[in-house]
Amino acid sequence: MASEVLWYIIPREGHYPWEPAGRRPVDLRYLQQLAGSVERLGYTGALLATDLYDVWTLGSALAAATTPAFKPLLAVHPGLVSPTLLAKMALSFDHLHGGRLRFNVVNGSTAQLREYGLDVEHDDRYRLSGEYWSIVKRLTAGEVFDHKGEFYELKDAGASLRELAPAQPGGIPLWFGGSSAAGIEMAAEHVDVYLTWGEPPHLLKEKLDLVRERAAAHGRTLRIGLRLHLIVRDTEDEAWAAADRLLDVTSEATYARQLGGAKGEDGVGWQRQFRQHGGKVPARARELEAYPNLWPGMSLFRPGPGTAVVGSTAQVIERLQEFEALGVDTFILSGNPLLEEAHRVAETVLPALGIKRPAANS
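Using UniProt numbering, the letters of the sequence shown map in sequence onto residues 1 to 362.
These are computed hints drawn from the structure, not numbers from a lab. All values derive from a computational prediction rather than experimental measurement. Just so you know, even glycine gets a beta-carbon here, dropped at the ideal spot from N, CA and C. Treat the hints with care, since some could be wrong.
Claimed, not checked - Across the chosen pairs, the derived CB separations fall in these ranges:
1. Glu143 with Glu318: 41 to 47 Å
2. Leu259 with Val26: 23 to 29 Å
3. Glu318 with Glu153: 49 to 55 Å
4. Gly354 with Arg245: 27 to 33 Å
5. Glu115 with Val26: 17 to 23 Å
6. Glu19 with Glu318: 29 to 35 Å
7. Val26 with Glu347: 45 to 51 Å
8. Ala61 with Ala256: 32 to 38 Å
9. Ala325 with Glu153: 42 to 48 Å
10. Glu189 with Pro337: 34 to 40 Å
11. Arg357 with Gln32: 17 to 23 Å
12. Ala61 with Arg357: 22 to 28 Å
13. Arg357 with Arg245: 28 to 34 Å
14. Glu153 with Ala181: 24 to 30 Å
What the hints assert, rightly or not - In silico EDC-like pairs for lysine to aspartate or glutamate, Cα to Cα no more than 16 Å straight-line:
15. Lys205 with Glu324
16. Lys280 with Glu324
17. Lys88 with Asp156
18. Lys207 with Glu185
19. Lys207 with Glu324
20. Lys205 with Asp329
21. Lys356 with Glu4
22. Lys148 with Glu131
23. Lys280 with Asp244
24. Lys155 with Glu143
25. Lys205 with Glu322
26. Lys88 with Glu163
27. Lys88 with Glu143
28. Lys280 with Glu322
Start from the sequences and build out the full structure, keeping to the hints where you can.
Written out as structure tokens, the structure reads:
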């Protein structure tokens, strides 16, 4: 049984939010309602992803409207602010919102990070990330120390944070996904939960075996999390028809943007995903079925993880349990639109994963 199932929250959402016609107006009260629903439905929190809107602003607004049972997982790039400042932000968040912050470490792409003044190539990004997050983890655990490394030199780091006692023993938990050798090594040494995108089980097993092997070399064990979209309906035909509709409502401009951007991507995870569809826009969704009920077609519409499980309730549960058998104990799930699909998945899928709604008065 899964130990945790998180949902996904992003301000620009809707039935097909990559197109203006399929997007709801951004509304803070609606987003707070969505977070409250996620909490009441039994999810253990939500991934707040990088988007046009800053995750710190969004995370604080949602945490203020929920209880500590709702744990926000904030997607944060290392190196864009000093590690000491990030630790101050994190400790402030935890003090104000009850010790529930978690970081989703996002390494991004070389081209993307240049916009923010950070110019480091692929493997260098992971070395920077490892050093950065080791500093943040120590600071958010309450340590005061000097540090001299490849990218950072700090004197008496944490001295100004002494009065912000850690709300979480050991510091803010780190969740991270990386498929390259450098990314896996960084995860093995530093993170708490290794995240991966959806792939056919035999490919995923190979990667997870390597992750566990590298973690063991550092004397560590990691939890395993899986990020997936779900298109779940009463019947398989209805689910694939819903996937077909996404293809039909997507503009040529969106396809061109996504496939054009893929050519410049240096992330190995993205390249593994791209190989599942080869840049092909099919006439019908099922032409891209990479494994029973696994569909990489979401990456034709949106950046980041783009694999969906498409099928009847029973089929979706079977696929998720197949991933559990590989050692996945945490899922980050989503479906469009977010509010309606959070309810559908909670009613049809979560009970089979051992996730129960909290009591009404809890």
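Here is how each hint holds up against the structure:
1. Between Glu143 and Glu318 the C-beta distance comes to about 46 Å, which sits within the given range of 41 to 47 Å.
2. Between Leu259 and Val26, the C-beta spacing of about 27 Å keeps the proposed range 23 to 29 Å intact.
3. Between Glu318 and Glu153 the CB atoms are about 52 Å apart, so this pair conforms to the stated range of 49 to 55 Å.
4. The beta-carbon spacing between Gly354 and Arg245, approximately 32 Å, falls within the hinted interval of 27 to 33 Å.
5. Between Glu115 and Val26 the C-beta distance comes to about 22 Å, which sits within the given range of 17 to 23 Å.
6. Our hint of 29 to 35 Å for Glu19 and Glu318 holds, since their Cβ atoms are close to 32 Å apart.
7. Checked against the hint of 45 to 51 Å, the pair Val26 and Glu347 fails, with Cβ atoms roughly 27 Å apart.
8. Checking the proposed 32 to 38 Å range against Ala61 and Ala256 shows it holds: the Cβ atoms sit about 34 Å from each other.
9. With their beta carbons about 46 Å apart, Ala325 and Glu153 fall inside the hinted range of 42 to 48 Å.
10. Distance hint check: the CB atoms of Glu189 and Pro337 are about 39 Å apart, consistent with the given range 34 to 40 Å.
11. Distance hint check: the CB atoms of Arg357 and Gln32 are about 19 Å apart, consistent with the given range 17 to 23 Å.
12. Under the hint 22 to 28 Å, the C-beta atoms of Ala61 and Arg357, about 24 Å apart, fit the expected range.
13. With their beta carbons about 30 Å apart, Arg357 and Arg245 fall inside the hinted range of 28 to 34 Å.
14. A C-beta distance of roughly 27 Å is found between Glu153 and Ala181, which places it inside the suggested range of 24 to 30 Å.
15. With a C-alpha separation of about 11 Å, the suggested pair Lys205 and Glu324 falls inside the 16 Å cut-off, and the hint holds.
16. Pair hint Lys280 plus Glu324 does not hold up; C-alpha atoms about 30 Å apart against a cutoff of 16 Å.
17. Using a Cα cut-off of 16 Å, the hinted pair Lys88 and Asp156 holds, with the two alpha carbons roughly 14 Å apart.
18. At most 16 Å may separate the alpha-carbon atoms for a hinted pair to count; Lys207 and Glu185 meet this at roughly 12 Å.
19. Simply put, Lys207 and Glu324 have alpha-carbon atoms about 15 Å apart, close enough for the 16 Å limit, and the pair holds.
20. For the proposed pair Lys205 and Asp329, the alpha carbon gap of about 14 Å is at most 16 Å, so the pair holds.
21. The straight-line distance between the Cα atoms of Lys356 and Glu4 is roughly 11 Å, inside the 16 Å bound, and the hint therefore holds.
22. With a C-alpha separation of about 10 Å, the suggested pairing of Lys148 with Glu131 holds against the 16 Å cut-off.
23. Distance check on the hinted pair: Lys280 and Asp244 sit about 14 Å apart at the alpha-carbon level, within 16 Å; holds.
24. Between the alpha carbons of Lys155 and Glu143 the distance comes to roughly 12 Å, so the proposed pair stays at or under 16 Å and holds.
25. Under the criterion of a C-alpha separation no larger than 16 Å, the hint pairing Lys205 with Glu322 is consistent with the structure, at around 11 Å.
26. Among the hinted pairs, Lys88 with Glu163 is consistent with the structure: their alpha-carbon atoms are about 11 Å apart, no more than 16 Å.
27. Proximity of Lys88 to Glu143 is assessed by CA-CA distance (about 13 Å); at most 16 Å being required, the pair is judged to hold.
28. A C-alpha spacing of about 27 Å is found between Lys280 and Glu322, which places the hinted pair above 16 Å, so the restraint is violated.
Violated hints for the displayed structure, listed by number in ascending order: 7, 16 and 28.
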